[in-house]
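Visitor: Put the complex together from the two separate chains, hints included.
First to last, the sequence lines map onto chains P and C.
Residue 15 in the working numbering sits at position 15 of the first sequence; the count goes up by one each step and never skips.
Residue 12 in the working numbering sits at position 12 of the second sequence; the count goes up by one each step and never skips.
Check the hints yourself; a few may be wrong.
Said to hold, decoys possible - DSBU-like, lysine-lysine: derived pairs with alpha carbons at most 35 Å apart: (1) C:13 x C:57; (2) P:61 x P:49; (3) P:49 x P:69; (4) P:58 x P:69; (5) P:71 x P:61; (6) P:61 x C:13; (7) P:71 x P:49; (8) C:57 x P:58; (9) C:57 x P:71; (10) P:71 x P:58; (11) C:57 x P:69; (12) C:57 x P:61.
Claimed, not checked - Here are some chain P residues the structure puts well away from chain C; computed CB gaps all over 10 Å: (13) 13; (14) 14; (15) 26; (16) 54; (17) 59; (18) 67; (19) 77; (20) 87.
In case anyone wonders, no lab produced these hints; they're calculated from the structure.
Glycine included, every Cβ here is placed at the ideal spot set by N, Cα and C.
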Amino acid sequence: AQSVSQHNHHVILSEAASLELGCNYSYGGTVNLFWYVQYPGQHLQLLLKYFSGDPLVKGIKGFEAEFIKSKFSFNLRKPSVQWSDTAEYFCAVSAQTGANNLFFGTGTRLTVIP
Amino acid sequence: KAGVTQTPRYLIKTRGQQVTLSCSPISGHRSVSWYQQTPGQGLQFLFEYFSETQRNKGNFPGRFSGRQFSNSRSEMNVSTLELGDSALYLCASSLDPADYGYTFGSGTRLTVV
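Looking at chain C on its own, in the form it has when it is part of the complex (with noise of 0.2 Å):
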């Protein structure tokens, strides 16, 4: 079956500006989470979805948001763009919260110039 899908790989933005990822979980899934990876920080975990809820959210500025759709389906979007925001930006789909079975996609590498 198809993994988890992330659109696009990868996106050069400017400071200032907006920008939204997509993120297509394995077919069945229902919960997806985002994870942000850099260099310095490492792994950080940035918010949880599940049957478009948003369940749990990391230590992020409000300018990280992010939505579930109906079919499971997650955009996450990052307003007013940093230098700092430049980073990976991971996708992780699971059948459910109670489920730990996660299934990483290969990312969106963001970079902000």
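The shape of chain P in the complex, shown without the other chains (with noise of 0.2 Å):
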């Protein structure tokens, strides 16, 4: 069965200080990768995904995360967190091939303070 494992409960940063979740998965075959946000009060929005290619996606609002397939992980990163960045941030996989349905991480609370 796939899982999902993202170890940063809470996280606190203050604005512009530079950001980075861990995701890691457990999967034996070939998976597609995303990264979703919720912001206070609002529905999952998706920030980045990867199914192949390079490793290193771009998402929306200067986010990125790289896939290490040999560590299974696939962490998201910024630069330089806003306020605006205060959300939680859920990583999950789905198969390539079959049930393609989403697992997902327990998620990753982000404060940042001004």
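Guide: Laid out in structure tokens, this is it:
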């Protein structure tokens, strides 16, 4: 069965600090990888996704993620966070073949202090 | 274009009752998935529908069911509600199962008392 681990439960940063949120997955086959963000009171929004090709994926709002196959990781990064990045971030994985539902990590709450 | 619309936004039900939640996907999207979000278990997959057929089902008891109509709108039903069913129920739509561009709705918050 697939599983996703997000090791950081709550991260607190000051504005302009760099961000890296960890995500590791467990699955025996080929996967698609996603990062979603949920701003306070809003719905889940897709930040970026990886299907194949260049393992460094750029998403919206200056976010990027790197797929490291040997480490089963898909960490999210942003060089300089803003107060508006305060939100909950979810890593998700789906199989590339067969059932394609998303398996989510438990989420990381990011608080950015102005 | 309009996003994924879920109704109602909030519901309060009593244990033992049943509830029906509705999801209208983005126009042109034919695949609809449902997820349950709770503080303890996080986001868990319930089921996926495409062309009025259930393609995939998560690990939930038979009290949880769903269906999809010919206009791609979907409903999920929970019978014999339990306190543990209190959660945010999210619907996501995509063009088809091969399209991973899921768009999520704002959810229906169900509280069982």
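Visitor: Does each hint hold? Answer for all of them.
Guide: Structure-based check of each hint:
| no. | hint | result |
| --- | --- | --- |
| 1 | C:13 x C:57 | holds (24 Å) |
| 2 | P:61 x P:49 | holds (14 Å) |
| 3 | P:49 x P:69 | holds (15 Å) |
| 4 | P:58 x P:69 | holds (17 Å) |
| 5 | P:71 x P:61 | holds (26 Å) |
| 6 | P:61 x C:13 | violated (39 Å) |
| 7 | P:71 x P:49 | holds (18 Å) |
| 8 | C:57 x P:58 | holds (32 Å) |
| 9 | C:57 x P:71 | holds (29 Å) |
| 10 | P:71 x P:58 | holds (20 Å) |
| 11 | C:57 x P:69 | holds (28 Å) |
| 12 | C:57 x P:61 | holds (33 Å) |
| 13 | 13 | holds (22 Å) |
| 14 | 14 | holds (27 Å) |
| 15 | 26 | holds (15 Å) |
| 16 | 54 | holds (17 Å) |
| 17 | 59 | holds (13 Å) |
| 18 | 67 | holds (15 Å) |
| 19 | 77 | holds (21 Å) |
| 20 | 87 | holds (14 Å) |
When held up to the earlier numbered hints, the structure conflicts with hint 6 and nothing else.
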